[in-house]
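Protein sequence lines correspond, in order, to chains A and B. For the first sequence, position 215 (counting from the first letter as 1) is numbered 215 according to the UniProt record's numbering, and the numbering increases by one without interruption. For the second sequence, position 107 (counting from the first letter as 1) is numbered 107 according to the UniProt record's numbering, and the numbering increases by one without interruption.
No lab work stands behind these hints, which were simulated from the structure alone. For glycine and all other residues, C-beta sits at the position ideal for the given N, C-alpha and C. There may be inaccurate statements among the hints.
[Stated by the list, open to error] From the derived model, a few chain A residues whose C-beta atoms are all more than 10 angstroms from chain B:
(1) Glu36
(2) Arg40
(3) Ala46
(4) Lys61
(5) Tyr69
(6) Ile71
(7) Asp72
(8) Asn93
(9) Pro119
(10) Thr129
(11) Val131
(12) Gln133
(13) Glu136
(14) Glu158
(15) Thr197
(16) Asp198
[Unchecked claim] With a Cα cut of at most 16 angstroms, we get these calculated EDC-like pairs of lysine to aspartate or glutamate:
(17) B/Lys110 - B/Asp81
(18) B/Lys183 - A/Asp42
(19) A/Lys26 - A/Asp107
(20) B/Lys183 - B/Asp164
(21) A/Lys120 - A/Glu136
(22) A/Lys110 - B/Asp198
(23) A/Lys73 - A/Asp57
(24) B/Lys26 - B/Asp66
(25) A/Lys183 - A/Glu172
(26) B/Lys120 - B/Glu136
(27) A/Lys183 - B/Asp42
(28) B/Lys110 - A/Asp198
[What the hints assert, rightly or not] Now the in silico label distances, taken between C-beta atoms and shown as ranges:
(29) B/Gly170 - A/Glu28: 37 to 43 angstroms
(30) B/Gly123 - A/Gly168: 29 to 35 angstroms
(31) B/Gly123 - A/Gly92: 21 to 27 angstroms
(32) B/Arg27 - A/Ser68: 53 to 59 angstroms
(33) B/Lys120 - A/Gln83: 30 to 36 angstroms
Chain by chain, the residues run as shown.
Protein chains: 2
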Amino acid sequence: MKSDKISEAVVRRLPIYLRYLTELLKREVSTVSSQELGQRLDLNPAQIRKDLAYFGDFGRKGIGYDVSYLIDKIRHILKLDQQINVALVGAGNLGQALSNYNTYIKDNMKIVAAFDSNPKKIGNKISNTLVVQPIEQLNETVQNLNIRIGIITVPDIEAQRVADLLVGAGIEAILNFAPTILKTPPHVRVHTADFTTDLLSLAYYLENGEDHVDND
Amino acid sequence: MKSDKISEAVVRRLPIYLRYLTELLKREVSTVSSQELGQRLDLNPAQIRKDLAYFGDFGRKGIGYDVSYLIDKIRHILKLDQQINVALVGAGNLGQALSNYNTYIKDNMKIVAAFDSNPKKIGNKISNTLVVQPIEQLNETVQNLNIRIGIITVPDIEAQRVADLLVGAGIEAILNFAPTILKTPPHVRVHTADFTTDLLSLAYYLENGEDHVDND
DNA sequence: TAGATTGTTAATCGATTAACAATC
DNA sequence: TAGATTGTTAATCGATTAACAATC
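Whenever a hint applies, use it, and build me the whole structure from the sequences.
See below:
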């Protein structure tokens, strides 16, 4: 077992392993090799072995990895062996879309509260179980329900203000869908899920429709 | 001016520069230095200078970058000086959310058609201008409207089938929101926008709520 | 001119991949 | 035993950062 600082790149691959392993489990596959994993996930087998070896000796030489055992281990590493409560701030279209993914997020991570600042939206049901609360109630609810992660799906201009609220309420991590670089204290982890960046950068890779000249 | 192979990391930063520069333009700031950009965007100034220098000498020593000029240049690099048409496949909650972002995507990239396989959704209006078409019409519409990018917001199991359809219709790039590794020919660029990965990996960085023991 | 800031080279840092002994 | 596959070290590759001459 190693215990250096684990790189972000490694951590981001863990959920990808977890998802595919869960699929294998459902198909009652009991063992898998780094080779097979790599083929399916478009990753180098050595990289997969190395990633996993950071956390322990989970495999068996000559055999591979026990699917069910590895799932348990990764879930533990990701702290998903306990339920993690999540707050959604912003009950617009995107927020609503995410709340419906609750079913997919069967990994012990659950959106347990939704907030919006628009009075018209307060009291609305989004998804089967979530009722939109006024944002003024965020602090109290976060503490009562032991919410540890916040998802921000509000418009750009409100994002920083919401982040401050979440941080003030004691949240530990934020998933930010607004295209803003949030300023947060160092103990709060922020991941940015900005699809406009993904989309616009795609254009770069299009075939040049126009002339292909090197103008200065 | 350089002209090696540009790394993916560089290309992904271009839209980030573009967005902030646009904000500066709106505020009538005419010049900006790599230092200021770096501060605001949480990036190393040297990295910003290097990124931009791959494409040309856009700055002026002792002065910085002309905001308006740099915007034009980046838009050109990203091929956003022409309109890029986009198709949305999957008119569920997420697809609907994205179609409303059309206003935000003022950068000449526009969702011009939406498709779904669910007969109940055909004919529905999503966003102000988009009417959901049956997926059988995808091939024809993509060709008629010169659509070059496809966004996949269908359930996991349908994602690969839809990708095949898009590729068959001659699309050049795909933004995939389904948590599936798509198999596509090498000339088709695929970006994955999988927020479940972002969300689950956040859990890793939470403070250990449980005991902090190194069990084997 | 003096101060500021670029473009670029060299140095550093980090991540991926290859290779292979250990061993099931 | 022979074949397969891990865990890990070493080699490679690529990306970030520091430093500075050029110059506005």
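message = Hint compliance check: list the failing hint numbers for this structure, sorted ascending.
response = Structure breaks hints 2, 8, 15, 16, 30.
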